[in-house]
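Assemble the complex: chain P is given as a structure, and chain H must be docked to it using the hints.
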Amino acid sequence: MKLTWGAEEEAFRAELLAFLDAEVPEEIKGGRDWIGDESPEIPKWASEFQAKLFDHGWMVPSYPPELGGRNATPLQTLIFLEELASRGVSRSVHFGGYAIVGPSLLEFGNEQQKGMAPSAIRGDTVWCVGMSEPDAGSDLASLQTRAVPDGDSFIVTGQKVWTSYAMVAEKCFCYVRTDTSVAKHKGISVLIIDMDSPGLEVRPLRHLTGAIEFAEVFLNEVVVPKENLVGELNSGWRITMGSLAHERGALWVESVSSAQRALEGLVEIARRQGLEQDGVVRRKLAELYEEVHSLRALGYKGFASFAQGSSAPEHSFMKLATSELRQRIYGFGMELQGPYAAVVDPEFVEEGGRWQQSWQISLAGTIGGGTSEIQRNVVATRVLGLPRG
Amino acid sequence: MDFTLNEDQVLLRETARAMFGNECPPELVRDAFYDVTSTGPEAASSFFDRHLRDWAALGDAAVVDLCLFMEEAGRVLAPGPAWVNTSLFLPLLRAIEHPSADLVAAGEVTGTVAVCGRDGYWVLNNDPMRSFVPHANEVDVVAILSAGNQVSCVAVAELDLQEVATLDRSRPVFQFAVPAGLDSTEIGAEQLAVVLNRGTVALAAELIGVGRWLMDTTLEYVRERVQFDRPVGSFQGLQWKLVDAALLLERADAAVYYAAMCLDAGAPEQDRAVHVAKAAAGTAARRWARDGLQSLGGIGFTWEHDLHLRLRRAQASEQLLGSASWHHDRLAELIFAPD
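Protein sequences appear in the order of chains P and H.
1 is the number of the first residue of the first sequence in my numbering; add one for each residue after it.
1 is the number of the first residue of the second sequence in my numbering; add one for each residue after it.
For reference, chain H alone in the conformation it holds in the complex:
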């Protein structure tokens, strides 16, 4: 497998990085986090409207390209519904040939996807409620998935959303009662798997970005912070811990792009690769949140330092689209499946 980025991919990454660097400073992220209902110019929805609608068409692009973008979004913790709109909602509409798909790709309509029932597992079901629906308050449409591979699109205005507050205020999730008598379209099982795989790998790429920020911030801190007349980063006890965490993040990063390549190629190992990618990325991001916090000492445990925003994202995203344990159990089924 060839991990070399082509020129377009290098350009895409640089453009995304520059855009987030210029337009999404830490203050904006903090403001969005501390007041998700704000409607001021610094609000989450405002950042999304001004800068991320233009990127919605990435939902139609190669998964590798989508991941390059999501990694940068994760690094800065970009506010707004870009992940769910681009990585799940648009591919789902494409899969059922929905007439609004072009509008979504053009950034004119936005949406989210409702899968879980109240048990919180990302498995199609007939629960009269849908829960853990990300960013439902920030989009126009919710695509509701139900048992039997049924998809129904409903305007958010028609739903009675109830927020389920989580650790991660920058990615609000909601529950609502599924309205009666909805029209629905059937999606093929294979197409549905492709959509969910795409969303899962994109989320894993976002977690890699979260992990990168945590790793960079931690390394910078332990190089500078002096105790006992030495930088604390010179102590072997700390070094070895961070080496093991760095290994975890590096291999998770490679696993995510490998999974993206598998999806782009329609490779037979794609399901396995996606399970590996999400499990590894989630584990790596949480590990860096924990070890980063430990390495920063007291300052990491403050509201003032931005580390906790990533700790929250890492911890909450672990459960979205399946935790590491959930993916390991699915992987075991494939490992033991008869050839």
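Okay, chain P solo, but in the shape it has when bound:
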């Protein structure tokens, strides 16, 4: 056990830092919680930055250069994510393309589909991922969008919801039901659907923050060529597990760093509000500090297992713990603002209302990507070995 990595890793870090210092767009310098804007368009700075990351091998470092990487080791990937996270820099505003679609096409797609991965990862082609439905949220496998074979095509009818960037995407990586006669996990397939297909309609959904980032997608007898099937028929459930396996040991870094930056902001608010000497505030801040820093250590402990090829049960806790922690940090930051806690008018409130905005965004963290309730069920059965309820 030791605090530091070797010289080779530190050289990798230095090269990355030089790139980030030169290339990170002004718009996201200093860290910014990003969950879309009032406009549904993907900002130009974001697309340009993503393409630049890809071209310099910094988009998905564990991939080879032709896929936007540099064959980085797991440890180098950890360092990469550490440095992005400590600056609050996201690689892309639409993570479906590089984190889900690209890797899934590479793992499960045919040759022609594999060829679509580079542009998905570089962001040249914007993808959305059609998973959730009105009646299939946490219980994703109960999805009902039907794909019925018809000659060389499938006829697809149904509805998707919470589909990020559907209004600007060219293609949808869409989970559909292709067999209703078997257990629900066994009748799911993945189709690539062009978003300009006749019968496909997108209705943007506004977040509670006011931003437009996700949408409902209605599919009414959309004709999809059979060659757009990804992987085997009825093997779609496996593909849901197929996001960036290379980065799985280090994905917690972003969420811990985000909590840590929030905590640092909290200390500054306490100072500005003249609450530095308040015993209750001091103890609460110290408790939050304890949580952030012990969770960071837990993430690294899990990484040590991951890097040795073992499972890392530690990481099952990270999403649950950091998403709930962030809500408490932002909530406390608002409380410290006293009567101004609920004010969002930039003229009157701390940091132009950034805390109020970040607090709202943090509320999504315990819902998206597996609710805290589902996370607790998963830890109970898979990590603690408790019997299913």
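Not one of these hints is a red herring.
Below are the SDA-like pairs computed for lysine to any residue, each with C-alpha atoms no more than 25 Å apart in a straight line:
| id | chain 1 | residue 1 | chain 2 | residue 2 |
| --- | --- | --- | --- | --- |
| 1 | H | K241 | P | L363 |
| 2 | P | K2 | H | A57 |
| 3 | P | K2 | H | E190 |
| 4 | P | K2 | P | A307 |
| 5 | P | K319 | P | G369 |
| 6 | P | K319 | H | D2 |
| 7 | H | K241 | P | G369 |
| 8 | H | K241 | P | G368 |
| 9 | P | K319 | H | K241 |
| 10 | P | K29 | P | L363 |
| 11 | P | K2 | H | Q191 |
| 12 | H | K241 | P | G331 |
| 13 | P | K52 | P | E27 |
| 14 | H | K241 | P | S138 |
| 15 | P | K2 | H | V10 |
| 16 | P | K319 | P | G137 |
Since the hints were derived computationally from the structure, they do not count as laboratory data.
What follows is chain H alone, placed relative to chain P:
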């Protein structure tokens, strides 16, 4: 930071675990607990003499290694003064270059450390009494710390020890009047901080071991115990409670070894890391004592079940070398310190 154990550390942990597994069965721990004054072969001092003197030199080793050992000791609730002798007394003697340090490392002389006055806080003072002195009846020497960073070593035989009975009979604490006219040696403030940090992290590691036993015992019980025709561990109300407690223990465990790595590296964040480690470990162990007891139901509330031994250790150790609240307050001072 790299949490990978090297081969020596893996071996150390396995050796300690095997030794405690073979030599320190629950019956021995119970006997030691129920009769601390016993002099029979199963007595606390006897276990320490036969098996733990050989490990005293860990007080000179890397803090990570010391913690691996203390975690195993905590898991079985090993009787005797190993923690205070190894983690505090020996490092203190090394810091003042005391001539007996080598004998302590060799397991030939044992000692404890007296810091608190009668207020019980682990802060140097001029109280004419020292209190909360752990295991003073089981060792040869007491190193008395006083205001002005003064250290005096006194043979236990020269002190009039009075036990202050606590919840935790397996870690007896004592008070005594500081004898007049003692010779003393000054210890540097920084060295003193290193010694106390070492002892604090080692105690936190012991608490992780206590928490591990409680967690393992509780999970095993709720998997097997059937009520309403189902294992009680299948009920979501119980599952979620235990998930939150498990998270607390896992992050405390990581925080302890992170602090140990910081001490070994002399890292600038070491004080913060130690505060985090002790606060988290103490909270996690007490949480598992409470939730474990609740999960075991009536059997957990009996004298017969060993859970109460851990409940007592967790509750009493919380106050040794500072409670979670005390560490949080020190941490707040560092958080708000000007850069």
